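Peer 1: Chain by chain, the residues run as shown.
There are 2 protein chains.
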Amino acid sequence: MQLKKYTDYGLRILMYLASHDADESQEGPKLATIREICDTFDLSANHVNKVVHHLGRLELIETRRGKNGGFVLAQRPEDISLAFVIRQLEGDERWIECENPYCVALPACELRGIVARGKELFYEYLDQYTLKSLMVKAPQLRQIFAAGR
Amino acid sequence: MQLKKYTDYGLRILMYLASHDADESQEGPKLATIREICDTFDLSANHVNKVVHHLGRLELIETRRGKNGGFVLAQRPEDISLAFVIRQLEGDERWIECENPYCVALPACELRGIVARGKELFYEYLDQYTLKSLMVKAPQLRQIFAAGR
DNA sequence: TTATAAGACGCATTATGAATGTATGATTGA
DNA sequence: TCAATCATACATTCATAATGCGTCTTATAA
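In the order they appear, the protein sequences are chains A and B. Sequential numbering from 1 applies to the first sequence in the UniProt record's numbering. Sequential numbering from 1 applies to the second sequence in the UniProt record's numbering.
If you're looking for bench data, these hints aren't it; they were derived computationally from the structure. Check the hints yourself; a few may be wrong.
Intra- or inter-copy, both count: the list cannot distinguish identical chains.
With a straight-line Cα cutoff of 30 Å, these simulated DSBU-like cross-link-like pairs (lysine-lysine) come out [what the hints assert, rightly or not]:
#: 1; residue 1: K30; residue 2: K137
#: 2; residue 1: K30; residue 2: K119
#: 3; residue 1: K137; residue 2: K67
#: 4; residue 1: K132; residue 2: K50
Bear in mind that the values here come from a model prediction, so they are computed numbers and not experimental data.
Start from the sequences, fold in the hints, and give me the full structure.
Peer 2: Below, the structure is given as structure tokens:
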């Protein structure tokens with residue numbers, strides 16, 4: 001019972017972009033690249049590649065291919081809900097599996113509903129927070145990220 | 001992000017025992033056996049073996065070795081918190097991993113605390129429920145379990 | 001006291017899925 | 001056209017959950 005690294009990477013990428021965008025507010029945000037992210041967080045390019053692609057499909061970031069390509073946030077940090085990001089990247093599966101294989105107790109079992117409601121509470125809580133909530137210490141983050149490249 | 005089958009099995013075993021105990025209220029509960037559980041839920045004996053052992057160490061059930069051995073609930077269903085059972089069987093790990101490998105953003109990152117709090121909310125919610133809460137449809141469960149053997 | 005039925009428990013193996021890697025295509029700018 | 005960049009399919013590795021096996025210990029009945 002743990003979030004996937006995949007999800008973790010996605011959140012880190014968004015934080016990186018949020019810090020990056022704020023940085024260059026004058027002349028519009030410069031595009032970040034997969035390479036940059038990998039250098040900063042010491043991650044595998046292939047994996048980050050996939051997460052970036054996924055974030056693009058979710059329209060959380062805008063990607064641009066070709067030379068000088070890259071990506072930026074497609075929404076304001078305060079509009080990106082952590083619940084949404086985590087749910088999407090995790091895949092929003094059931095937290096407990098009752099069919100497949102089928103459990104005989106299922107027709108009379110209360111557990112499924114209880115766990116499902118607990119899960120919803122988790123996400124409702126996360127829904128109070130946005131990418132902006134993660135940027136409370138933005139100056140420090142900018143410094144960390146700048147040092148990494 | 002899903003509960004382990006191990007945890008699931010543990011909960012099923014407890015439900016089985018709760019239904020079973022209530023059944024024989026006259027002359028004290030008869031011992032259930034691993035074989036019975038396996039037959040009822042169609043699970044592997046080896047796996048159930050381990051879960052039973054674990055439940056015993058947690059003092060949720062009393063086990064008896066030797067011929068005519070088996071196990072019964074060691075506490076009343078209303079005293080067995082679902083939060084406790086799930087936490088223990090899951091192993092109560094972090095839902096997000098920030099060190100190991102270490103993430104550069106950690107010193108300025110808000111995510112860890114947010115996820116940790118969400119996790120606590122999940123368990124606080126579960127803490128409202130007990131094994132007894134799972135037995136709302138006890139008669140139906142008894143019937144299902146009886147048919148299985 | 002012996003045979004047997006039960007759990008205890010360590011170790012080995014298998015299965016699953018996350019994590020990572022490789023390769024190539026598509027797109028864009030210089 | 002070339003090089004940089006994301007897009008995407010496919011393959012491989014690795015971690016660990018899940019399962020299996022064997023043997024020990026304990027308790028009871030015959």
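Peer 1: A separate judgement is required for each hint: does it hold in the structure or not?
Peer 2: Taking the hints in turn, this is what the structure says about them:
Proximity of K30 and K137 under a CA criterion of 30 Å is satisfied intra-copy only: 21 Å inside one chain copy versus 60 Å between copies. For the homomeric pair K30 and K119, neither the shortest alpha-carbon distance inside one copy (38 Å) nor that between copies (36 Å) is at most 30 Å. Neither within a single protomer nor between protomers do K137 and K67 lie at most 30 Å apart by alpha-carbon distance, with minima of 33 Å and 64 Å respectively. With identical chains, the CA atoms of K132 and K50 are at most 30 Å apart within one copy only, with a shortest distance of 24 Å there and 45 Å across copies.
Checked against the numbered hints given earlier, this structure breaks hints 2 and 3; the rest are met.
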